[in-house]
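Each chain, written out:
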Amino acid sequence: MKKVLVCAAFTTSSLFAHHGVASLGVAGLEGPGAPVETTSSATLPEGKYLAYMKLDYASYENYTPVIDDETDKSYYWMYGLGYGFTPYLSGYVFAPYYTKRIENGEETSGFHDINLMGVLGFKYDEGFILTPSNESLDDLEDWHFTLFANLTLPTGNSELKKPDGSLYDAGMQLSFGEASYMIGMSATKWFGNEWTFVADTSYNTFTEHTYSDGTRVKFADEIRINGALTYKLYTNVKKRLRVDANLEANFLHLGRDKENGIPQEATGGDILYNTAGFRVFYNNVSAAVGLKVPVWTKLNEEDLQQGSEGKEDYRVIFSFSTLF
Amino acid sequence: MKKTVLFLLPFMLFGHDIWIEKNEQGYQLNYGHLHPSSEHAGKKTIEYNPENIKEIVCEKEGKIEKIENTRSYPLVIKDKCDALFIYMDNGYFTKTPYGTKNLPKNEVKMALKSWRSFESVKRIEKNSKKSIGKGLEILLLNDVKKVGDKARLLILFDGRPVEGAVVAYDDKPRGQSGVDGRVNIRVKRSGLQNIKATLRKKCDDNRCDEVVYTTTLNIEVAE
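Sequences listed follow chains V and R, in order.
Take 0 as the starting number for the first sequence in numbering that gives the first Met the number 0 and just add one per residue.
Take 0 as the starting number for the second sequence in numbering that gives the first Met the number 0 and just add one per residue.
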């Protein structure tokens, strides 16, 4: 197997793509907004379903002018279905579909590992309480929070081979090969006017996997911290239309991947992105688009990490969701 | 709320306020605009028909007394009450191309829309947290001491929690009662509070399209 470092990071980027789903905003012209990347603290209404789709397109900076095996671009599609079990407990299942392309035209493409996610909502209203089923606009001005946990199951293919019969880099595979786990929390404050503040943080860890050629790979842990401000730009009550603008700061810490127990060079580091975008609510649907760019990086071996997170020219994010 | 906020605006029929003012004589029932705004900069009080007052209930030290309607304008209650509830039947209204008539729709030509209106108002001096009214009623479940506190409300219809009543503060819809009849409203100004709930039901005869119940809660809040 080729060394892990080149593409390892993009196996996990944007995995938890429920970010920005506005179960409340979908239905209401008033109330808090929802950013594009940062996870809002809205839970799904009891007994309601949410259908979700997201595309995260990444175009990577090239280090050399020649056509070689530099990472070129990737398309992270995410299809999801959510359900509100109670006003404070939502469950999601996500099916990612990834296409990862390198400069010489080679690519891997297909469904990645299925994700299962649970979201517990609560708020502060003279004490912490679980998110109630009925809230007035004044209740929505309270601080709202969620705790969420995610499990991926190795349903994708982690044994994809090149035409010469050798395994693709672990980062090019369409599965982690083992389960992975994530926990996180979010906080949302609507100020009762056009402005909403949203923040979240999450910790993601992976299980070591042994590939068919005997190589053992453990992807590094990841920590995310996101903060966002949304501003309600326009509403049209008759048309049930609302447009929000979003500005976000997205911090990502990546540890070092390990191969056969040895920390790998040219993996890991810290990245700060800015995401600017818009979200449109129309009836019971919501669509968002955002441009995400790395504005500050401190990668462990910056010159060797072409194709990793932090080395994108830009990312374009689009999401669509509907409640029913 | 989640799904309901979007649909609040069509319910805005909070054109006028009804409130109970405390003065040296006792309590006076007023109709008009409690807090005149740029939209309602006109006359503060509007004359009402005292014949429309169907029930006056005074709660005093846990006992409920019914008070006779003097049928004079303005209605003045000289008793001291811990809570005072006044219930009015304003009759039928029908919107026509020539204006709104105070008649049922089967008695006018070219009826566009019609409704029957019941209004009530409750002023609380000392909160027993018990129902004393009829029709639509707002129960205040906590003690609101200052601006910024939440008024935790239970909306009742004939003494039972009712879902779907639109609740407004200073005529701006802020929420809707849930299945348990509960809704919370934050107090944003000092003085006499104007918390209003509206519930619509389908009319069961040919005299109107719907019955509109509106009730107001008055409490005094310090700075």
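Please note that a few of the clues may not be correct.
Unchecked claim - Distance condition first, Cα-Cα at most 25 angstroms in a straight line; then the derived DSS-like pairs of lysine-lysine: (1) V:K237 to R:K112; (2) V:K188 to R:K149; (3) R:K171 to V:K237; (4) V:K238 to R:K112; (5) V:K72 to V:K160; (6) R:K43 to R:K108; (7) V:K188 to R:K145; (8) R:K201 to V:K237; (9) R:K43 to R:K129; (10) R:K94 to V:K237; (11) V:K188 to R:K171; (12) V:K237 to R:K200; (13) R:K187 to V:K188; (14) R:K171 to V:K238; (15) R:K79 to R:K145.
No lab work stands behind these hints, which were simulated from the structure alone.
Treat the numbers as computed from the prediction; the structure is a model and nothing was measured.
Tested hints:
Taken as a hint, the K237 of chain V and K112 of chain R pair is honoured in the structure, with Cα atoms around 20 angstroms apart against an allowance of 25 angstroms. Proposed proximity of K188 of chain V and K149 of chain R is supported: the alpha carbons are some 17 angstroms apart, at most 25 angstroms. Simply put, K171 of chain R and K237 of chain V have alpha-carbon atoms about 17 angstroms apart, close enough for the 25 angstroms limit, and the pair holds. Restraint check for K238 of chain V and K112 of chain R: satisfied, since their Cα atoms lie roughly 23 angstroms apart, inside the 25 angstroms limit.
With a C-alpha separation of about 19 angstroms, the suggested pair K72 of chain V and K160 of chain V falls inside the 25 angstroms cut-off, and the hint holds. Among the hinted pairs, K43 of chain R with K108 of chain R is inconsistent with the structure: their alpha-carbon atoms are about 33 angstroms apart, more than 25 angstroms. Pair hint K188 of chain V plus K145 of chain R holds up; C-alpha atoms about 22 angstroms apart against a cutoff of 25 angstroms. With a CA separation close to 24 angstroms, the supplied pair K201 of chain R and K237 of chain V stays within the 25 angstroms bound.
Our distance criterion of 25 angstroms between C-alpha atoms is broken by K43 of chain R and K129 of chain R, whose separation comes to about 31 angstroms. For the proposed pair K94 of chain R and K237 of chain V, the alpha carbon gap of about 22 angstroms is at most 25 angstroms, so the pair holds. With a C-alpha separation of about 21 angstroms, the suggested pairing of K188 of chain V with K171 of chain R holds against the 25 angstroms cut-off. Among the hinted pairs, K237 of chain V with K200 of chain R is consistent with the structure: their alpha-carbon atoms are about 23 angstroms apart, no more than 25 angstroms.
The suggested pairing of K187 of chain R with K188 of chain V holds, with an alpha-carbon distance near 18 angstroms, which does not exceed 25 angstroms. Among the hinted pairs, K171 of chain R with K238 of chain V is consistent with the structure: their alpha-carbon atoms are about 20 angstroms apart, no more than 25 angstroms. Under the criterion of a C-alpha separation no larger than 25 angstroms, the hint pairing K79 of chain R with K145 of chain R is consistent with the structure, at around 24 angstroms.
When the structure is compared with the earlier hints, violations turn up for hints 6 and 9 and for no others.
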